[in-house]
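Novice: Sequence:
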Amino acid sequence: PSKTNWVFRLDATGYNLKMPPPPRRCAIITVSRLSKRLMDIMHEETWKYRHTMFPEMWPASCALQHGLKSVYAPHPVYFDRDWDLEYMDRMFNRPRIDVDSPFGWGEHNFIGSSFYYNSGFSGALWRRWLGLRENKEGGTRDEETGTGRMCVLPSLSHPVKTN
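The sequence shown begins at 1 in our numbering and counts up by one.
Note that these hints are calculated values from the structure, not bench results.
Only true hints are included.
Cross-link-like lysine-lysine pairs, in silico, PhoX-like; alpha carbons within 25 Å at most:
1) 48 to 36
2) 3 to 69
3) 18 to 48
4) 36 to 69
5) 69 to 48
6) 18 to 3
Restraint-style ranges between C-beta atoms, simulated for each label pair:
7) 34 to 151: 31 to 37 Å
8) 130 to 75: 18 to 24 Å
9) 10 to 88: 25 to 31 Å
10) 149 to 11: 39 to 45 Å
We put the CB at the ideal spot given by N, CA and C, even for glycine.
Using the sequences and the accompanying hints, generate a full structural model.
Specialist: Shown next, in the form of structure tokens:
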């Protein structure tokens with residue numbers, strides 16, 4: 001995230017300021033499974049060297065700096081629109097300019113997803129799944145006259161908030 005305009009891109013604490021900033025990587029959500037080895041490295045970096053970074057950067061950056069390999073187990077993320085896959089790939093993985101990255105001005109692309117801290121879609125999807133009317137869709141009448149209650153494949157939702 002170092003070349004983006006993400007507000008936390010420079011949040012690396014305890015490093016020698018006379019040296020260039022350490023290499024950093026990021027995962028936009030802090031929900032993760034970490035190995036004991038990585039947890040031990042993060043712990044040592046924190047208590048022994050007093051190093052730390054913004055939570056979304058800390059595990060991935062420690063893994064990068066210590067030569068650990070990453071393993072990613074994806075979970076389904078749904079969107080409130082039908083994205084063209086090439087366009088979606090460019091928005092999330094290959095922005096034309098660095099500041100359009102999801103870590104910065106491109107962050108708004110996550111708002112319509114089912115797994116993002118600021119998403120409205122995940123709560124709407126949850127309420128529709130419960131059988132409630134949401135955004136003039138769903139509800140008891142639609143279930144009785146249509147195909148029944150909404151069926152959603154297994155997924156994680158974040159956040160589910162009330163209005």
